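Enquirer: As a plain string of letters, each chain reads:
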Amino acid sequence: MNEIEYISIAVLSIFAITALHRTARIADAIHRRDLITDDIAGCCESLGFVGCSVICSGVYSLKHIEELLGQEYDRYEVIITLDAQEQSSAFQEIIERYRMIRVNCSSNEELPTASIRALYRSRQRSFRRLILIDKAFTEYYDDLDAATAIASYNYLLPVGHNSRLCPKAVECIAITLSEQETQSLDMLYSLASEGIVFRRDAVIANGGFSQHIVKQIPSKRQIYTYIPLIFNNKLTPSPLPTISVVAATICTIQLLAGGRVAIATMMTIIMIIALARYLSKLSTPTNCSLRLMLCYFRKITSIFHSRKFRIS
Amino acid sequence: MTIGSVYIIVVTTITIATLLLTWLQNRRQVSSLRNQYIKQITSLLLSEQPSSVKILARSRRNRIALAEAIYTVVSHTYGNDTDALRHVVEQNRLESLLFREIHLSHGTRRARMLMLLSAIPLNADKVKQLSHYMHSHDRDIRISALTVALASSPSMAIRTIATFDFALTPFDTARIIALLRRGLLPIAYEPLLDSNNHNLRILGLAIVRSFGIEIAEKHLHKIISAEEDITIVNQTIYTLASLGRPLHHTRIRERLAAMPACKRKELCRHLTVEGYSLSAVRSIFTEQESVYAELLINSYKRALVHA
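In order, the protein sequences belong to chains B and V.
Here the first sequence is numbered in the numbering used here, starting from 4 and rising by one per residue.
Here the second sequence is numbered in the numbering used here, starting from 422 and rising by one per residue.
Calculated directly from the structure, the hints in this document are not laboratory data.
Remember, it's a predicted structure, so these values are computed and weren't measured experimentally.
Accuracy of the hints is not assured; some may be wrong.
Footprint (simulated), chain V over chain B, 3 or more residues, beta carbon under 8 Å [claimed, not checked]:
(1) 216-225
(2) 255-266
30 Å max Cα-Cα, derived DSS-like pairs, lysine-lysine [unchecked claim]:
(3) K460(V) x K284(B)
(4) K223(B) x K475(V)
(5) K460(V) x K311(B)
(6) K722(V) x K66(B)
(7) K311(B) x K686(V)
(8) K722(V) x K223(B)
(9) K547(V) x K475(V)
(10) K218(B) x K684(V)
(11) K218(B) x K475(V)
Distance ranges between label pairs, derived from CB positions [what the hints assert, rightly or not]:
(12) V712(V) x I104(B): 20 to 26 Å
(13) S16(B) x E648(V): 51 to 57 Å
(14) A93(B) x S453(V): 34 to 40 Å
(15) A250(B) x F587(V): 30 to 36 Å
We put the beta carbon where it would ideally sit given N, CA and C, even for glycine.
Bound-form chain B, shown alone (with noise of 0.2 Å):
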């Protein structure tokens, strides 16, 4: 009994010290962010000229429009991939918001799948950075192919339907990407949240978006970063499955290895839950904070399987 005893507070110390090792780093990045995006505004061009291009896939509500362009990086640009005979109203209320008129639009040898119907692009110079391409939806992976052929900037940063931008999300992909001495940099990936930038030559160069991209890019030319990017505004389905399973588990421990371990469990799982309450406070002026507590134990739980790109 003894045994089983120590091999499971063993186990349970493992996630505890995982678990405090990334609050405190993910603390620590929020605190810098506060700290160094005070003082950027209207110095973009000295950032190392990184430029960053939001590109989207089935976004199309004006509000999520807003949001994205609502960004205060200066060398940042909005592509919306929709299919204008799919939804032909949502694509209609964003021409005539935003004052949109077709460009010109050649094919592009570059991304195969990128085969655009139309290109346009805004008439009002307050939303100059935002593009929108008309394209018949096959799969999101060829919308962002396609976003990624119009993309003026190095920096791709592939957004989906329930994905928001965390505050001062592209100011920090900017001094990440600026302060590392190789600028040609392949990916950068948040460890707090969802949210993967890739550089537009590298997406190239591995033949267009796809669910093995990450793997494609060699480690040595990823870097992290603990600063949230993105936050998935999905509604999540009620918590009682969850607590269920987590009841059942704990009663099974209970069973097999007896109640102290039990205990021990319930209490790993509390101070989780205490610790990602603390950083979604800390990320506060926002109203992701949930959000990002959600995101928090799915990137605990992302060491359990292979790391695939999606966007949701």
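Here the structure of chain B is known, so what remains is to put chain V in place on it, guided by the hints.
Expert: Frame of chain B; chain V shown alone:
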């Protein structure tokens, strides 16, 4: 006591401490307090009789909020009345508070306190106490300490940057440029561009870009012709591009030809975004390299014929 019990006690303690921190985080309403102080400082600076406006902060929390408010006001304005701000700083003993916080804290918090200190009028002798932070292994601390030193003695700026041990990153130069924008440092780009020091040259180029100093073109061409450091040469070409100057000179072409293909492609994309014409891009890149530029430039024109 078994190992299980010890583990439970430790985890419970951490959980309670975390919940306490979360509760404190909820209670802290520094932002609203800071906003109040920002209003008071603004009215002080706008007032014709600054001595009639009194700003008082009693607790440590309030004094830090006041220091943050001063930082926000100073970083968003130009040519403030330093005497009025100095009076507020002395009245609330902000200098001693920030010095104490800097010595007692570490990491990001220390960097933040240094950053706040850079906005308040300081005695240059006192700043010497902080000079060892300029050698810190923490990037944020050393650059914040550098900004404090620059803000407190602008006349020594060139020497201070020249003796800085670490290479300035683009973000570091952006923070120094922010000081220039506040009017705290002189915009003397010539000695910086003529210097042999890497950091000074990088800063000189950043100044030329930020303030759009077109008369610096001759200096830039000189650097492209004579400089051996590839990083400086690349930055100089980008600086010329940000000024919108022609890039078809022989020496620039030679430098471009020596660039790796990926860097050339990045530059081609950059020139396109900066608004260079297709003929200008074609004059310095090969036809194959200019394909992307052609597509992008064409996409800025209204489609008169729909496919």
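Enquirer: Hints broken by the structure, by number, lowest first?
Expert: Failing hints, ascending: 1, 4, 5, 8, 11 and 15.
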